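Knowing the structure of chain V, use the given hints to seat chain Y on it.
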Amino acid sequence: MKFLEIAIKDLRAEFRTKQMLNSMMIFALLVIVIFSYAFGNEATLEVKVLNTKVVDLLAPGMLWIAFTFAGMLGLSRSFASEKEEGCLEGLKLCPVDRSEIYNGKVISNIVLMFLMEITTIPVFIVLFSYDIKNIPGLLVVVVIGTFGFIFVGTLLSALTVNTRTREILLPVILFPVLIPVILSAVTATGTMLSSGEFSDIAGELQILAVYDVIFFVVAQLVFEYTIED
Amino acid sequence: MLKKILFALTAVLILVSSYLVFFYAQVPINPQETGANPNDFKIFYFHLPIAISSYLAFAIVFIASVLYLRSKQQKWDIAAVSAAEVGVILTFLTLVSGSVWIRAGAWACNCWWVPWDVRLNTSLVLFLIYLSYLMVRQAVEEPEKRARLSAVFGIVGFIGVPLSYMSIRLWTKATLHPVMEFHPTSNMLLTILLNFAAYFLLVVLLIVLKIGNEQLKEKLNEIKREKGL
Chain V
1 MKFLEIAIKD LRAEFRTKQM LNSMMIFALL VIVIFSYAFG NEATLEVKVL NTKVVDLLAP
61 GMLWIAFTFA GMLGLSRSFA SEKEEGCLEG LKLCPVDRSE IYNGKVISNI VLMFLMEITT
121 IPVFIVLFSY DIKNIPGLLV VVVIGTFGFI FVGTLLSALT VNTRTREILL PVILFPVLIP
181 VILSAVTATG TMLSSGEFSD IAGELQILAV YDVIFFVVAQ LVFEYTIED
Chain Y
1 MLKKILFALT AVLILVSSYL VFFYAQVPIN PQETGANPND FKIFYFHLPI AISSYLAFAI
61 VFIASVLYLR SKQQKWDIAA VSAAEVGVIL TFLTLVSGSV WIRAGAWACN CWWVPWDVRL
121 NTSLVLFLIY LSYLMVRQAV EEPEKRARLS AVFGIVGFIG VPLSYMSIRL WTKATLHPVM
181 EFHPTSNMLL TILLNFAAYF LLVVLLIVLK IGNEQLKEKL NEIKREKGL
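Line order of the protein sequences matches chains V and Y.
Sequential numbering of the first sequence, starting at 1, is according to the working numbering.
Sequential numbering of the second sequence, starting at 1, is according to the working numbering.
Just chain Y, same shape as in the assembly:
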């Protein structure tokens, strides 16, 4: 029941916030803008919330990993792997939406990728770190050992999140991403906040669904073991 409410709420919020992006939010005047159509700024309303919600997913991986090592309860391992998968997808979407934005004219290079931008590189690295997290899980068969080793890597790999977030402050020379000195008009603020809410809820929803999936998988394995299959 709770899942259904969450699902409905997320669906409504995503629809409403997407409507706001396309028909309500203003397009600010952006000095770096070079594209033919300044409306491509609207990708920003998806790009930023998706990026931040991927950080949220990875923070859940980190916390669940710490809790697993402390308590050795399988539910934390399931939470960690579910959050990691959702986070990988969201980081991928961040990279894709950013790439499309660059091509559309965020930067005058007529390209998909700006190799010297630290934020792009650190986000790609974040994506790779959590792909390798999933690879660590594949490389171990015994469930207890898999949970333990991947929890250690889930803690170590979390370095990617502050790194990606702080990159534009650490290596200031090379980035397209401004450090937020955002003075939005009220309708921009409403749109971006609603988008944040929508994507945070989406992360929670996806993780909850994935956890349900994993639990069913566990149950199936148990039944198979009982029947000796």
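Just chain V, same shape as in the assembly:
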């Protein structure tokens, strides 16, 4: 359970300044606000052919753009902050398996992501006067999607921290790998927002779960190579 210590250390350092958390939350809110302003009144129009409102079609993509872009801010700092003062060397000296460092980082990143998401969804509801049909279902999708995002994101964050252009490179290499998560999460979120049947998203949940498992296992195996010298 050494990874919990690492996660707690990260979170304690984070909550002292709340630097990352504040910028992630504010960024996500800004994305939602910009969308709400850009779509304006058109969002409430009816789409006759599909028997929905415009906002129903846009909402899932909008939410996930806010989540992934804000999450990217946190991920890119996750290992970069360890570069200062040789903290990464200190972590590597810990008498634990290297993958414990990864697990610890995953947990602290997930906590930050959840806090950001929990504040973003109410703002979304308010700004679009939106009525979510299946809130527990939405939470399940968001949780599983976030796991996938963080499992891959933390690994690639560790990978890019040793490169020349780290902050720029991370989104460029992370988004293509994330496409399965984003595709399925957006579709599943759309169903949960509008019609709300759990059985309709079984396929998407399956893809997300398989993706999560694959990348969790792969990361356990290859993480040590990303930080070794």
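These are computed hints drawn from the structure, not numbers from a lab.
No experiment lies behind these values; they were computed from the predicted model shown.
Ideal Cβ positions, reconstructed from N, Cα and C, are used throughout, including at glycine.
Be a bit skeptical, because a hint or two may be false.
As the list claims (entries may be wrong) - Covered stretches of chain Y (chain V as the covering partner; in silico rule of three or more C-beta atoms under 8 Å from a C-beta of chain V):
(1) 118 to 129
(2) 137 to 147
(3) 154 to 163
Chain Y in isolation, oriented as in the chain V frame:
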């Protein structure tokens, strides 16, 4: 010598199989066909083998990356980068040939691209994943670190291949690509199999040539270092 034989064999096979495509293979009656000229189905004989051989190239990247992390021998790194470059070119050709086929009449939209088709999108994502693989390599200078980090990404990025292959089964609603229930006549079968053989050989040939290139580059660097240039 072996290279020359391989080269000759590939050249002959490509010529023969292309001849078969244009002058021997039948054009099946395709219910989706809308173009003025049903002969545009013949793109299929190039499109499918090129797509599958790009998967082959990426599988080589994956295997070479795993072997590199296990043994830390530079030859595996060279094999991985050579296969990745060949794979990127082949994926690009897949996208182009598919796009031309759509425009020629595979789909009644008079367009080059069908944005809702999952196979198109996942293939594009595959292309982007391996472009970012090449970007990871550019972002690191020290050869050992470059090999190690790109090997990790070569393993992670391989998710794109099963994703692209399975996409039409996972998201069944939205694709132009049929799941193969192919009942070809014998001359179609011969043509497609010969094309497969030709393009598999082409992949192997290109990778072998590229490996030779990279080895020469290494030698050059070594000599430069010795002479202090």
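Comparing the hints with the structure gives:
no. : hint       : in the structure
1   : 118 to 129 : holds (count 6)
2   : 137 to 147 : holds (count 4)
3   : 154 to 163 : holds (count 6)
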